[in-house]
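> What follows is each chain in one-letter form.
2 protein chains.
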Amino acid sequence: MRDAFHEDLDSINQTLVEMSTLVAGAMGRATTALLTANLELAEEVIADDDRVDAIQHELDNKTLEVMARQQPVASDLRNLVTSLRMSADFERMGDFAHHAARIARMRYPNTAVPAELTSTIQAMGDCAVALITKVTGLLQSRDIEVALEVERDDDEMDRLHRKLFEVLLDDSWSHGIETAIDMTLLGRYYERCADHAVSVSRRVYFLVTGEYAEKQS
Amino acid sequence: MRDAFHEDLDSINQTLVEMSTLVAGAMGRATTALLTANLELAEEVIADDDRVDAIQHELDNKTLEVMARQQPVASDLRNLVTSLRMSADFERMGDFAHHAARIARMRYPNTAVPAELTSTIQAMGDCAVALITKVTGLLQSRDIEVALEVERDDDEMDRLHRKLFEVLLDDSWSHGIETAIDMTLLGRYYERCADHAVSVSRRVYFLVTGEYAEKQS
Chain A
606 MRDAFHEDLD SINQTLVEMS TLVAGAMGRA TTALLTANLE LAEEVIADDD RVDAIQHELD
666 NKTLEVMARQ QPVASDLRNL VTSLRMSADF ERMGDFAHHA ARIARMRYPN TAVPAELTST
726 IQAMGDCAVA LITKVTGLLQ SRDIEVALEV ERDDDEMDRL HRKLFEVLLD DSWSHGIETA
786 IDMTLLGRYY ERCADHAVSV SRRVYFLVTG EYAEKQS
Chain B
606 MRDAFHEDLD SINQTLVEMS TLVAGAMGRA TTALLTANLE LAEEVIADDD RVDAIQHELD
666 NKTLEVMARQ QPVASDLRNL VTSLRMSADF ERMGDFAHHA ARIARMRYPN TAVPAELTST
726 IQAMGDCAVA LITKVTGLLQ SRDIEVALEV ERDDDEMDRL HRKLFEVLLD DSWSHGIETA
786 IDMTLLGRYY ERCADHAVSV SRRVYFLVTG EYAEKQS
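One line per chain: the protein sequences are A and B, in this order. Counted the way my numbering counts, the first sequence spans residues 606 to 822. Counted the way my numbering counts, the second sequence spans residues 606 to 822.
Treat the hints as calculated values from the structure; they're not laboratory data. In this text, all values refer to a predicted model and were calculated from it rather than measured experimentally. One should not assume that every hint holds.
[Stated by the list, open to error] Below, a sample of chain A positions facing chain B; criterion: calculated Cβ distance under 7 Å: (1) M672; (2) V678; (3) E783; (4) I786.
[Unchecked claim] Have a look at the derived ranges for each label pair, beta carbon to beta carbon: (5) E750/A / T626/B: 37 to 45 Å; (6) N715/B / A679/A: 20 to 28 Å; (7) A679/A / D731/B: 41 to 49 Å; (8) Y817/B / R747/A: 33 to 41 Å.
Every residue gets a Cβ at the ideal spot worked out from N, C-alpha and C, and that includes glycine.
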């Protein structure tokens with residue numbers, strides 16, 4: 606049987622799982638909106654970000670309330686503080702989906718992403734969604750092997766990010782400065798989103814092992 | 606006379622002042638490094654970022670230790686949790702100075718910023734330093750009028766950010782895609798750094814008033 610405090614922790618963790626699931630969905634839809642000039646989808650992602658923000662706000666209040674009521678120490682306290690940090694990570698990941706969707710909306714009815722970059726942006730979107738989905742599972746399983754996998758999978762995002770710049774800097778680039786600016790910002794959104802996924806997975810690793818994860822390669 | 610808990614709070618606040626001061630200095634030097642191709646200065650900013658990270662790490666451990674030892678509730682608890690968030694803001698602001706300095710280093714011996722953008726980047730750097738310096742004072746004075754000023758001053762950063770894009774998108778832009786990418790990222794670093802300064806000032810406002818600041822204009 607679980608005591609009240611552990612029920613609180615479970616409920617907080619469940620809300621983090623919900624945030625992670627929402628953010629993975631938002632990133633997937635933002636990518637589709639970018640690649641298919643889907644205005645409706647872009648608007649949906651933009652509106653949904655308010656939901657992520659509201660959940661964070663509520664979760665942080667609840668976490669503070671549990672801290673005040675339960676007066677946790679040691680690992681219980683660390684767990685709650687880490688929840689606050691994770692909710693901030695997910696809130697920020699939601700922002701990046703929002704920013705990406707805004708680029709799709711701004712360029713509508715045109716497709717924001719030129720043909721040469723379709724496959725790279727699709728791959729960055731898929732990579733982000735896969736990373737966040739893994740993090741969602743990790744929050745539930747606390748399997749540190751998965752935390753280490755997330756770290757390794759982020760290398761793929763870095764590789765795609767470099768590839769994006771290669772295309773932008775190639776002499777054959779014919780889409781001008783405005784699209785190059787869009788793609789530079791977009792690349793950064795995906796990369797930063799993946800960084801926050803890694804950050805969550807490192808926090809789980811630390812909670813489970815009490816140690817910081819070594820960089821995997 | 607202050608009790609042990611309030612001495613802890615003072616000491617934590619003093620460390621936040623120290624972080625803020627370091628970050629303002631780093632942003633100022635990063636800007637100079639960018640505008641004058643000063644490799645030594647760029648290297649200094651990059652190395653100093655480790656110091657900011659180390660201070661954050663130590664401060665967060667101390668804050669957790671105070672939480673566990675003093676078992677604060679209500680406003681005292683909120684104060685400590687807010688300190689954790691502020692230290693994360695400053696750590697991130699330090700990252701942006703670091704990123705800016707890396708652009709200076711990457712383009713050395715050339716000047717990273719082309720002549721058309723010298724005044725805009727200088728103004729963005731000055732604006733960032735002014736904002737962070739105001740935040741440093743705010744941490745000491747807790748004067749909510751200053752918190753509202755920070756919010757207003759950030760509008761100037763947004764104006765400069767838009768001006769940067771105007772120059773990049775002007776038909777006369779002759780510096781190609783690579784420099785446009787550098788300037789896009791650089792503009793974002795300054796703007797995000799200012800956002801975090803606003804975020805700290807909002808946190809102070811909330812601690813003092815118990816209410817969220819309305820957007821100033």
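> Decide, hint by hint, whether the structure agrees.
Do the hints match the structure? See the list:
The interface hint given for M672/A is met, as the beta carbon of that residue sits about 6 Å from the closest beta carbon of chain B, less than 7 Å. Hint on V678/A holds. Least Cβ distance to chain B is approximately 4 Å, under the 7 Å limit. Checking E783/A against chain B: minimum C-beta separation of about 6 Å stays under 7 Å; hint holds. At a threshold of 7 Å, the smallest CB-CB gap from I786/A to chain B is about 5 Å, leaving the interface hint in force.
With their beta carbons about 42 Å apart, E750/A and T626/B fall inside the hinted range of 37 to 45 Å. In this structure the supplied range 20 to 28 Å is violated for N715/B paired with A679/A, their Cβ-Cβ distance being about 53 Å. Range check, A679/A to D731/B: Cβ separation about 46 Å, and the 41 to 49 Å hint holds. For the hinted restraint 33 to 41 Å between Y817/B and R747/A, the CB-CB distance of approximately 35 Å keeps it satisfied.
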